[in-house]
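A.B. asks: For reference, the chains in residue letters:
Number of protein chains: 2
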Amino acid sequence: MNSSASDPCLTVVDENYSFTPEILDLPAQPGPAACTCPILSHLAEVHRELAGVHTGQVATYIPELAKADPDWFGICVVTTNGGVYEVGDSSVPFSIQSLSKPFVYGLALEDRGRAEVMEKIGVEPTGDAFNSISLDPETGRPRNPMINAGAITATALVEGRTSRMKLDRIVDMFGRYAGRSLEIDQAVYRSESDTGHRNRAIGYMLRNAGILTEDPAAALDLYFQQCAISATCRELAIMAATLANRGVNPLTGAQAIRGEYVESVLGVMGTCGMYDYAGEWLHDVGLPAKSGVSGGVIAVLPGQLGIGVFSPRLDRHGNSIRGVRTCNALSRHWDLHLFNRPGTGRSVIRVRSSAAELSSNRLWNPAEAAILREHGSRILVYQLQGHLLFASTELLVREIVGHDDGVDYIILDFKRVLSVNESACRLLAPLLAEYHASGRTIILTHADHLTHLGRFLRRILGARADEILQLSPDNDTALEACENRLLARLRPPATSPQNIVLKDFDLCRGLDAAELTALGQILRRRSYAAGETVIHAGDDARELFLLARGSVRVVIDLPEGRSKRLASFSAGMAFGEMAALDRAPRSATVIADTDTLCDILPLSAFDRLAVTHPGIKIKLLENLARGLSAKLRRANRELTVLE
Amino acid sequence: MNSSASDPCLTVVDENYSFTPEILDLPAQPGPAACTCPILSHLAEVHRELAGVHTGQVATYIPELAKADPDWFGICVVTTNGGVYEVGDSSVPFSIQSLSKPFVYGLALEDRGRAEVMEKIGVEPTGDAFNSISLDPETGRPRNPMINAGAITATALVEGRTSRMKLDRIVDMFGRYAGRSLEIDQAVYRSESDTGHRNRAIGYMLRNAGILTEDPAAALDLYFQQCAISATCRELAIMAATLANRGVNPLTGAQAIRGEYVESVLGVMGTCGMYDYAGEWLHDVGLPAKSGVSGGVIAVLPGQLGIGVFSPRLDRHGNSIRGVRTCNALSRHWDLHLFNRPGTGRSVIRVRSSAAELSSNRLWNPAEAAILREHGSRILVYQLQGHLLFASTELLVREIVGHDDGVDYIILDFKRVLSVNESACRLLAPLLAEYHASGRTIILTHADHLTHLGRFLRRILGARADEILQLSPDNDTALEACENRLLARLRPPATSPQNIVLKDFDLCRGLDAAELTALGQILRRRSYAAGETVIHAGDDARELFLLARGSVRVVIDLPEGRSKRLASFSAGMAFGEMAALDRAPRSATVIADTDTLCDILPLSAFDRLAVTHPGIKIKLLENLARGLSAKLRRANRELTVLE
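Protein chains in written order, with our numbering: chain A, 1 to 643; chain B, 644 to 1286.
It is worth saying that the hints were derived from the structure and are not from the lab.
One thing to keep in mind: the hints can contain errors.
Covered, in the sense of this in silico footprint (three residues per stretch, anywhere, with C-beta under 8 Å from a C-beta of chain B), are these stretches of chain A [said to hold, decoys possible]:
{"hint": "1", "stretch": "55-65"}
{"hint": "2", "stretch": "382-391"}
{"hint": "3", "stretch": "500-510"}
{"hint": "4", "stretch": "532-541"}
Here are the simulated distance ranges between beta carbons [claimed, not checked]:
{"hint": "5", "chain 1": "B", "residue 1": "Asn851", "chain 2": "A", "residue 2": "Glu214", "range": "48 to 56 Å"}
{"hint": "6", "chain 1": "B", "residue 1": "Gly1174", "chain 2": "A", "residue 2": "Arg637", "range": "28 to 36 Å"}
{"hint": "7", "chain 1": "B", "residue 1": "Leu1209", "chain 2": "A", "residue 2": "Glu374", "range": "37 to 45 Å"}
{"hint": "8", "chain 1": "B", "residue 1": "Glu759", "chain 2": "A", "residue 2": "Tyr61", "range": "35 to 43 Å"}
{"hint": "9", "chain 1": "B", "residue 1": "Thr838", "chain 2": "A", "residue 2": "Gly52", "range": "31 to 39 Å"}
{"hint": "10", "chain 1": "B", "residue 1": "Ile776", "chain 2": "A", "residue 2": "Ala66", "range": "37 to 45 Å"}
{"hint": "11", "chain 1": "A", "residue 1": "Arg455", "chain 2": "B", "residue 2": "Ala1106", "range": "55 to 63 Å"}
{"hint": "12", "chain 1": "A", "residue 1": "Thr451", "chain 2": "B", "residue 2": "Thr838", "range": "58 to 66 Å"}
{"hint": "13", "chain 1": "A", "residue 1": "Asp215", "chain 2": "B", "residue 2": "Tyr847", "range": "52 to 60 Å"}
{"hint": "14", "chain 1": "A", "residue 1": "Thr451", "chain 2": "B", "residue 2": "Arg1102", "range": "58 to 66 Å"}
{"hint": "15", "chain 1": "B", "residue 1": "Thr698", "chain 2": "A", "residue 2": "Arg455", "range": "33 to 41 Å"}
Idealized CB from N, CA, C, for every residue including glycine.
All chains, please: the whole structure from these sequences, using the hints.
C.D. replies: Here you go:
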């Protein structure tokens, strides 16, 4: 909602997107205008050049239109990311005329469904003029909703018990598209109504053919009013961008039309939007578009942007001359042709790694760590990104099936996935079911922002969905679950857990019996119940911990009450050793996962060792440094994978 | 080139793509068929269902076509990533008939240019039948290249001194599209030629209108031959996928048509490809398509895939009944409608980080490191990904302009950018020029694979391109360059470089004067010339190095003679300390960057210190461990940024 009209180059809205803010944190406020905006400068250049074109005639078929200043010329481009760029007379209001047709057609589709609308209105282009009276000789339908006969029929199909209610629905809809309530220009409406005899003829012909089932007067009156709705070229660009954005206004987040009908609206714009210039338009400009006799043109690049142009001088087809040339210039210069798109599939997998490279933050004991090193390739993590559509998901499925050999656990990380459609779910669901049926596991992580994903998958998987669908909040949790299952299969049969004795700690490597005894005498044993806090973040560091039994986790607090696990330690490991080196306050909290026994070395005693038992101190320091060195190697390996 | 026809689910080709193999390493060979392919199963399901449809008639207008088995039914889908999925009679050859039209139109465009072709052939859809004899009354042109009159004209426009040479060009072109040389079915050709009276009439009418400038017999003969070219539905799908892939055959990498003409070919397919069913088709199926009277249909989703269907029974429009219904079913099920695309802009920035978080691998001395920590936010790194088109680059430019305050150095990392088009360069170039003009810096890294990028930018930047355009092989080099420039501005005036004395080494922190003297006595000084190797990877570790003057870099060898810098050290730092702890062979090579002086501690002496000077040894170990701990914290910080 934070559209900042004052600086079009920096208008932006974040709320409607599910992306990761730490990756891409767009400025909500305009920054210093240190750089010239290259998009605005190009628009200004096109405007300057085409403002010199004075050919064509302002429409005069209703008197009000003839009052337009023939030199008005505005251009506006709005992206689906909420960027707004405008030059010239982009704030001059004018009546939208035929530009209303695709939007009202969309409303009719929403209100009546595709089938009922298709019974009444065709979708074939016609060589006839927009105000042709002829209907399809075979079906009796108007040939498409962009000619007047089809548009009047669409208006009549809008839901509403009374004309007033229908009009309110139409005006409300335009408001959602434009981002503000649009007015009807009463003078234009009266002029339109006073001179609309040909449209009345069309209305009665539709009544005669049974396409309209009531007296046409009401539908015609509504139609005259919708044509007289007043908007600026900036608003038309926002409306076009809303169509580009699957029906969601990129500046306000309002859903102007259900996404499933957008393709039908753009479909008729693609073949019938520019009168009998539609073929050349789609060939040259390559964008679904619509023009109006008052001089407006909108064009839509699905997924990317909407264009609005306003210049009243028309060519013989009834299209704005500068409007057509502006769209042509922008499409060429910015390569917007719809049929000239690069492939998007390859970037769906951001990183693929195995647990041998990127393991969970649980620090397993040496025997377990060795098993995971050897068998870690049985656990694969796919970090996905972008949009999961048919083509990108096809690649993912092919990749998974192709790396299937010896893989028992797969983690699909959706953190950077922007959207998932149902067709992607149709490809993923059978894979989940097959893995499950063969006793293997696929876990989906970071999927909370994709509200459709679970719903689609559940619907496709049916009764067994709860059993098959495994979701986990993050990769760390999912990885540990997979590691646990893998270890449960591969670990030697568990002996009943015993306390780790001093000589078996990595930290005590190289100490002889006498040294172990001496060290033992200065340790203090302490026990913690499961869930108890062992170390509080922020406390002064006074002790070093040797974990003799149980396991603990290290967590840091994140904003909004969340926390993140940095590591988990099992019996036989030491923790709290960083503070033993730099004596800084504790940087994280340590919590007992299970009932836990710790042998504790007070740092004061550790210090005294330098004097009383320098040999012990040297060996402890060497072991500490070796442990840090191993962790550093692991971190560098992870960096290599991620970078 | 490694298309493996035996397992369609796993066919893949890597050569034509510039993506990072370590990120996405697709299987070149089929893996074990442990998983059922969900794409193939859906194709099989659609095939099973529609095989029950027996309505419609096989074309009989030439006798050879009437010989087709009406129950033939093949479906094939080929993705731009090289995935091939086929079911049913996908290997039955048949004459392509009108399916030849868009491809030959594309060849005419390549041979004559858009302007000359547009003079001869329009691009407007027509309600007329495909074999209509009428021309556009205003221009005398055939209305579009998908009706016979326009197609014959396109054939006549193909370059070639003789008919034989023209035919060879046409057949060669089809070979590039299909991935193998296609034959002309002589029986069909003769049948076509024997009965082609109406087409002859069209030919003479074109000659009469001056559209054909020579006797039409030769063009007609060529046209009959091109219609008789024989292909399978699999090959048609590959041809369609080639159009989806900007003219590059996704299985062979051959350029079948220049990318700039693909949009024109798809444009006429979009409005005129399905006879007078084109409007409903674009509305419902939403894919540019073409059908042929022999029962073939192709459909194209630009950037993503091509579909080929073969089933000879036709509806009253002349389109294959099962073909239309198959495309409809696939488009619905897999959500392929061209006008229903999600936005792609947001994912262009993979990570944004500053030098305060991710610095170069040069380890600066403490004073320099402190400056970089404080001012590191003046250096920003943008890791980009995906395709840089107008909408994605718009977002990037907006992001850069919005985070412009206090930023002096920007690194744009193109490593994961799949393509850059000219319109993206038009947005980037002014930004580069402005940064340069204001004494700031933008460096592009990892851009070698984007051969167009430099060319486009140079052309746009003009005479000052060499000065403005700064390229660097990798982020590490670029970051160090930026750090150097920043330090040059912020560092206190340089005193003439002096050797670092022992007490100023981090490693010697806490040593008293007597201990420093004792340590000094066991150090050996050694000098290295710039470029000289200090440590060889693989050697046994025998020494620990204190860098008293100069700087060194640590490098590892990569495949193909490349190497990667892991770190650089400046005077005052110690290196080779990991081996001092674990005594493993050297894992990397160290090379002197400048003339260098080292104070060397033999590890044998280091060991003896435990006995002779345990106090010194303890302090050295504590300092070593603290250094490792600091590096570990840095690595963890980088991991947080990247993860």
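A.B. asks: All hints, please: hold or fail.
C.D. replies: Verification of the supplied hints:
| no. | hint | result |
| --- | --- | --- |
| 1 | 55-65 | violated (count 0) |
| 2 | 382-391 | holds (count 6) |
| 3 | 500-510 | violated (count 0) |
| 4 | 532-541 | violated (count 0) |
| 5 | Asn851/B with Glu214/A: 48 to 56 Å | holds, 52 Å |
| 6 | Gly1174/B with Arg637/A: 28 to 36 Å | holds, 30 Å |
| 7 | Leu1209/B with Glu374/A: 37 to 45 Å | violated, 26 Å |
| 8 | Glu759/B with Tyr61/A: 35 to 43 Å | holds, 38 Å |
| 9 | Thr838/B with Gly52/A: 31 to 39 Å | violated, 56 Å |
| 10 | Ile776/B with Ala66/A: 37 to 45 Å | holds, 42 Å |
| 11 | Arg455/A with Ala1106/B: 55 to 63 Å | holds, 58 Å |
| 12 | Thr451/A with Thr838/B: 58 to 66 Å | holds, 60 Å |
| 13 | Asp215/A with Tyr847/B: 52 to 60 Å | holds, 54 Å |
| 14 | Thr451/A with Arg1102/B: 58 to 66 Å | violated, 46 Å |
| 15 | Thr698/B with Arg455/A: 33 to 41 Å | holds, 37 Å |
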